[in-house]
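K.L.:
Build the full structure now, drawing on both the sequences and the hints.
No gaps in the numbering here: position 18 of the sequence shown is 18 in my numbering, and each next residue is one more.
All clues stand as given, with none of them false.
Pairwise CB distance ranges (calculated):
{"id": "1", "residue 1": "Ala56", "residue 2": "Trp117", "range": "20 to 30 Å"}
{"id": "2", "residue 1": "Thr3", "residue 2": "Arg96", "range": "41 to 51 Å"}
{"id": "3", "residue 1": "Ala93", "residue 2": "Asp30", "range": "33 to 43 Å"}
{"id": "4", "residue 1": "Asp66", "residue 2": "His34", "range": "23 to 33 Å"}
{"id": "5", "residue 1": "Gly36", "residue 2": "Val71", "range": "19 to 29 Å"}
{"id": "6", "residue 1": "His17", "residue 2": "Gly39", "range": "18 to 28 Å"}
{"id": "7", "residue 1": "Asp30", "residue 2": "Thr90", "range": "29 to 39 Å"}
{"id": "8", "residue 1": "Thr3", "residue 2": "Gly58", "range": "30 to 40 Å"}
{"id": "9", "residue 1": "Ala127", "residue 2": "Glu4", "range": "35 to 45 Å"}
{"id": "10", "residue 1": "Gly95", "residue 2": "Pro29", "range": "40 to 50 Å"}
{"id": "11", "residue 1": "His17", "residue 2": "Phe80", "range": "16 to 26 Å"}
Hints are computed from structural coordinates only; laboratory data are not their basis. Just so it is clear, CB atoms sit at the ideal spot from N, CA and C, and this is done for glycine as well.
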Amino acid sequence: MNTEPSAAEVHRLVVEHAFTEEGLRYIAPDVVDHRGGAGGDHTGLDAWREKWAALARGDFTPGLRDLSVRVDQNVSEGEFSVNRYTSSGTETATGRRYSVTSMDMIRVREGRIVEHWALMDVTDRAAQLGSAQFGSAQLRSAG
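P.N.:
The following block contains the structure:
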């Protein structure tokens, strides 16, 4: 009997426990985070930990506050799980709110994420905020 969590369950747990040591339990030591852009892939648990620290500090989203993520749908098959979610927040300087659709996909092996991919519609976010300062090159590395 397989007692390891499914890919969908691992995905849910990582979202639920993001930015915590509990969440890191579900990340493989050799995870590959396919971030795209000039930064390319990032490998290893330390890189994932640094990504979470940078997200918590707001490095990828300067000028934005009260960021939130709501999972709208999950599709899972075998070792893969895909979340479609809504990311929202407020631009600090103007008080303008935004809400955009995002997606991420993981591959799970032995109950841990071994690969991750993510997409966010930063063009829609920039349009909602009336600003071009949040271009895709900046956020592509947020993965």
